[in-house]
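Starting from the known structure of chain A, arrange chain B on it as the hints suggest.
Order-wise, the sequence lines are chains A and B.
To convert a position in the first sequence, counted from 1, into my numbering, add 249.
To convert a position in the second sequence, counted from 1, into my numbering, add 249.
If you are wondering where the hints come from, they were derived from the structure by calculation, not from laboratory data.
A few of these clues could be false.
Among chain A residues calculated to face chain B with C-beta under 7 angstroms, some are [as the list claims (entries may be wrong)]:
hint, residue
1, Ile279
2, Ala281
3, Thr415
4, Asp418
5, Phe576
6, Tyr577
7, Asn580
Yeah, the Cβ is synthetic: ideal placement off N, Cα and C, and Gly gets one too.
Here's the letter readout for the chains.
Protein chains: 2
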Amino acid sequence: MSQTSTDIKSRAIFLLGFGGVGRALTRQIIAARQLHATRNHLRLSVNGIADSSGVVLAADGMSDEQLNRLLEAKTHSGRLGVEQAPLRSVQPSSHLAPGTIVVDTTATDVTAPFLVAAMRAACGVVLANKLPMAGDLAWYDVFAAGSARWETTVGAALPVISTVRTLLDSGDEIQHIEGSLSGTLGFIASQLEAGVLFGDAVRDARQRGYTEPDPRQDLGGLDAARKALILARMVGYRLNMSDVQVESLYPAEMDHLSVDAFLHEVDSLNASMALRANALTQGGRRLRYAATVENGRCGVGLVGADPVSKLGGIRTSDSIVVFSTKFYSENPLAISGRGAGQEVTAAGVLGDIVDLSREMA
Amino acid sequence: MSQTSTDIKSRAIFLLGFGGVGRALTRQIIAARQLHATRNHLRLSVNGIADSSGVVLAADGMSDEQLNRLLEAKTHSGRLGVEQAPLRSVQPSSHLAPGTIVVDTTATDVTAPFLVAAMRAACGVVLANKLPMAGDLAWYDVFAAGSARWETTVGAALPVISTVRTLLDSGDEIQHIEGSLSGTLGFIASQLEAGVLFGDAVRDARQRGYTEPDPRQDLGGLDAARKALILARMVGYRLNMSDVQVESLYPAEMDHLSVDAFLHEVDSLNASMALRANALTQGGRRLRYAATVENGRCGVGLVGADPVSKLGGIRTSDSIVVFSTKFYSENPLAISGRGAGQEVTAAGVLGDIVDLSREMA
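Looking at chain A on its own, in the form it has when it is part of the complex:
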């Protein structure tokens, strides 16, 4: 079917964050122009990009040439490299047209007040950033009650959030959620299960680029805990991060160490971690770092999963979420696959933008 240009609706996008996901998203927006025109009768117009170095604004949208120049500019900091207005000079109510979709690909909660102001100014919000969703409950309530999407906050582009939403819309009752939502901790759990020493597993994961430069950021479990909290809040539990039971894979006493010292002293945990792994994998159970949402509570930590269960059966490089509900009791609903990565996360954000555009049309 041919579409004349008059059929195509332009949708303004204001992008927060121009790191790996933000740049991948920008490239994908450009690459999908033809697809969006024919399939969705939509043109995504990037009217603003902000990162910690400043904001670029273009009321009529940036051309693909301008976007490509920003993508190609290699700045010393890896940032946008503009010295224009800081984000705090932008007021959603006066600078963003109603109907603009603000996309947050940062990893900071300082964006939350901006996002809330955007929602109040009749803008939509798409979050890849977990922190505003796992932060103040008042923020969460604003996003949950309005035109917002946050699919990629749990399991990257895996359709986890949309599934929770549909289950709730359809009057189903979610009784239990369990999931393996951290590729890094999944890898380390599989290594422990195979008898690898904890310290070796941590250093190996770091060398492969699976962890942050400071692996304690992964080993502490907070990222997985935020995902569990977002799911728990969607189910209706009024919880905060302080309510989430988090099993850290290292003791708080090691927080003061330098990264190098930690990577050396982590071997002091080898014996206790091996004992714990052995205890949890008795009888062929599989070691997983799992999130659990049930009975008004949520938590993350090591578990021994039944090898024939959905959680126990997946490869550890997969993320998985398993829902037991009124309608999915004996045969729980499971969603699994690659649950991390900048390109796939950007694709999930793009899916959210198109879906939200449809609703806001």
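Chain B only, in chain A's frame:
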């Protein structure tokens, strides 16, 4: 948060089909009134119900008391039991208000012209009925381009269709889909794999109520083929049912037999089915009746699945769909769980109605 009634949007529903799914949906609509008011600011108003016995119309919506009376009326035929206007007397353009959602829970393609006319009259359409989606490509194109949802045509309420949609919206490229989408044929495949004779498996499945009264309706594979075709069309393949490669588990020569004669003579297939099952399960492979969508083609039939693959790893009482795409290549995206049943299908239809209401608001 309290909501005043002025916040609540009423959405007219016109229901085609009042069998198991249609009745379950009606009960769920009533049960979800409070949920929809508080969560979705929505009231679903059933303005019409039609089945092959006639049509009940109520321009201002039926009260829950009226709906309950229709649900309780036990008619000889199991049908609506009204002798009012036939469906053909209802013209969507003159009898349905724009914005009405027409819900098809029948299993006939005679509803298709009505649905197409409803789409043209600015109504929405939700299909649990596969036949219009797997019928004339011109019908498919009308639904695919407009305000329609058909989540429950493939895998009941499992979020299969919405996932295809999101993958396409996000510019991902779907390279391969495989799935086990028939509980009945999954059961028979698991029995064959366990060494049960084909005839015994068929009679057992029928006695358990897993098959239609005439089990050939399941064994022929057409229902699974329609699901594969719907997925293939969504991926962009311009195919019709005659293009789908369908492996029937009985030869066409047995079509003329009575049901009783078939249930007796089916044992003549025992030896050939055992041979085929043995050949496909060499080396520990798992027997599945699978749908495959790939390279512009689609088909359904028996396959031997790698036991560590997602298709091979599930319990046969589960439905599963596995997507291999540009972004999900090494770790394919899989969705599994209960993929059949009237209550869960009705819940999926209700989810579609709420989602479509959001878009049409």
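Consistency of the hints with the structure:
1. Ile279: violated, 10 angstroms
2. Ala281: holds, 4 angstroms
3. Thr415: holds, 4 angstroms
4. Asp418: holds, 4 angstroms
5. Phe576: holds, 4 angstroms
6. Tyr577: holds, 5 angstroms
7. Asn580: Since the shortest Cβ distance to chain B is 4 angstroms, the answer is holds.
The structure is inconsistent with hint 1 alone, although it conforms to all the rest.
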